[in-house]
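Visitor: Residue-level listing of the chains:
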Amino acid sequence: MDLDKLDHRATAPANPFAGATRLVDYWATVYRRTWKGSAISSFVTPLFYVLAMGVLLGDYVTDDPAQLEGASSYLVFIAPGLLAAQAMQTVFGEVTYPVMGMIKWQKTYFGMTATPLSVREVILGHLGFVLFRVGLTCGVFTLVMAPFGVFSTVWGAVLAFLVQFLVALAFATPIYAFSAGLKDESPFSLVFRLGMIPLFLFSGAFFPIENLDRPMEVFAKVTPLWHGVDLTRMLTLDTVDLTTALVHVAYLAALAIAGWFWAVRRLTKRMSS
Amino acid sequence: MIYASGLRKSFGSFEAVRGIDVDVRRGEAFGFLGPNGAGKSSTMRMVAAVSPVTDGTLRILGMDPATDGPQIRARIGVCPQEDTLDTEITVRDNLFVYGRYFGLPRKEVKERVDELLEFVQLTEKANASVEDLSGGMKRRLTIARSLINRPEVLLLDEPTTGLDPQARHVVWDRLFRLKQQGVTLVLTTHYMDEAEQLTDRLVVMDKGVIVAEGSPAALIAEHSTREVAELRFGVGENEQHAGKVEDLADRVEILPDRLLLYTSDGEETIAKVHERGLQPAATLVRRSTLEDVFLRLTGRTLVD
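Residue numbers (the working numbering), protein chains in the order written: chain A, 53 to 325; chain B, 39 to 342.
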């Protein structure tokens, strides 16, 4: 090894996005090691849901569009809800324990920030990987559902798929921020049981939230998943109301942005303490 | 290369570093010697441009870590106290992905990875998982990783803590080679033998301040005698015998398990002890070390 050949080709990144691309090989290496396990579950799980809830349980539900927000069958009604829930669940899995692991157990982040990369780039890289996973699981879900005739139009299916990236970010940045400041992992089980599962069950994926008591309905409408579900459903049913859709987009984007600043602050503090 | 003046680091009301002045020159091996909690690691994390300076001036390669952190980190190598290797990927992949963080092209990184695996004698382990490496091998891999950007300064925080003696010597050998190649080494240690072996110049730190500075030999000459005669009496008897031998040495230190007599000729001192009819259970004559310097300056031992 010849260290006399000092060279300064190692550089600081020009901007956070350029810096985050330097992490692509890291995440690709990690994913090559773990894709098999996650691939099976991301193919099989949506299929099970569609069959059990949409087809079999759906048999007991009257196909009345007036009761189902305009959907022609229960399957058509819950398909977009399951898609948005899939995006949410993927995010919960990727930004809880893995974030803590990279701070506390493996200390991978400490290795990364000892290089020209900074906290912003580390978060962007991690979020980029989360979006990649969301793209895969939701892409698979969309394809699996297509033969069941749940999409009114092709562009609606494409947009419904794309909207999942926004749904994902609205969850990813705040939960990431929460995880980045945690000292130990015990709160995560509460996050899943009292956060993710109730959101999944009561945010309009399985039944129109008008069926809830009025206070509960208002509460459901504040949850980010409902905004995601309603937006996705408008697109798959081709019942887009532009104003409502824009409110959904704005709400989800605001959460994602606020979460981003919170995440940068929390991780910066954690990494320099 | 590294210049610090009045450098301070506080965590809340706790002051880890309380105003230190340091000037590290190109090509030298510089050490921070001190016990755990002396402020060495806090200093290193500031120098590594990952922990903000609380007060004072710090310049690394002429740059200010507060504004040029990424530029500084591009040109230094960091070998942290705790391994931050990714245990789930292979030895080779650990080096490869790390090289990419510096913005180096893939082909270039691959070449450097092969060179570095050779240098730290891990070529045969290239495709092993990090989990399967011994402690010494992990340390060498961390050192290899810190060299991937061909750094001008290599920071090593407690490079051999937790390693067995044989593994330590392998690490020392590699670091010595780097030093010969002109890499500026900055290391912290609480092992006086490590400081003596590796550093040209060092500062002794205690409770967040520098208590002495110089080459290992100069520090020993200034703060200790040439030789030390160690006397071990029975348990609890060391202190009561101290008074009887006080006049035979320049200075006597009473440790729980032995007496240290600082003198220019240890054998002669021990002969005189025997002449007085004293019969220690064991005696030993040795040269003064940095441990003695630290004991002299702080009244405490480095490793407790």
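If you're looking for bench data, these hints aren't it; they were derived computationally from the structure.
The beta-carbon is built from N, C-alpha and C at its ideal position, and this holds for glycine as well.
Heads up, some of the hints might be wrong.
[Claimed, not checked] Below, a list of computed lysine-lysine pairs in the DSSO-like style, where the Cα atoms sit at most 30 Å apart:
(1) Lys88/A with Lys163/B
(2) Lys163/B with Lys148/B
(3) Lys88/A with Lys148/B
(4) Lys159/A with Lys310/B
(5) Lys321/A with Lys245/B
(6) Lys156/A with Lys245/B
(7) Lys159/A with Lys148/B
(8) Lys282/B with Lys159/A
(9) Lys282/B with Lys310/B
(10) Lys159/A with Lys88/A
(11) Lys156/A with Lys273/A
(12) Lys159/A with Lys273/A
(13) Lys163/B with Lys145/B
(14) Lys145/B with Lys245/B
(15) Lys217/B with Lys159/A
(16) Lys321/A with Lys159/A
(17) Lys156/A with Lys163/B
(18) Lys217/B with Lys148/B
(19) Lys217/B with Lys245/B
(20) Lys321/A with Lys156/A
(21) Lys273/A with Lys321/A
(22) Lys235/A with Lys156/A
(23) Lys163/B with Lys245/B
(24) Lys245/B with Lys235/A
(25) Lys88/A with Lys145/B
(26) Lys310/B with Lys273/A
[As the list claims (entries may be wrong)] Computed footprint of chain B on chain A; a stretch qualifies when at least three of its residues, placed anywhere within it, have a C-beta under 8 Å from a C-beta of chain B:
(27) 77-87
(28) 163-176
Visitor: Return the numbers of the hints above that this structure violates; sort them in rising order.
Guide: Violated: hints 4, 8, 11, 12, 14, 21, 23 and 26.
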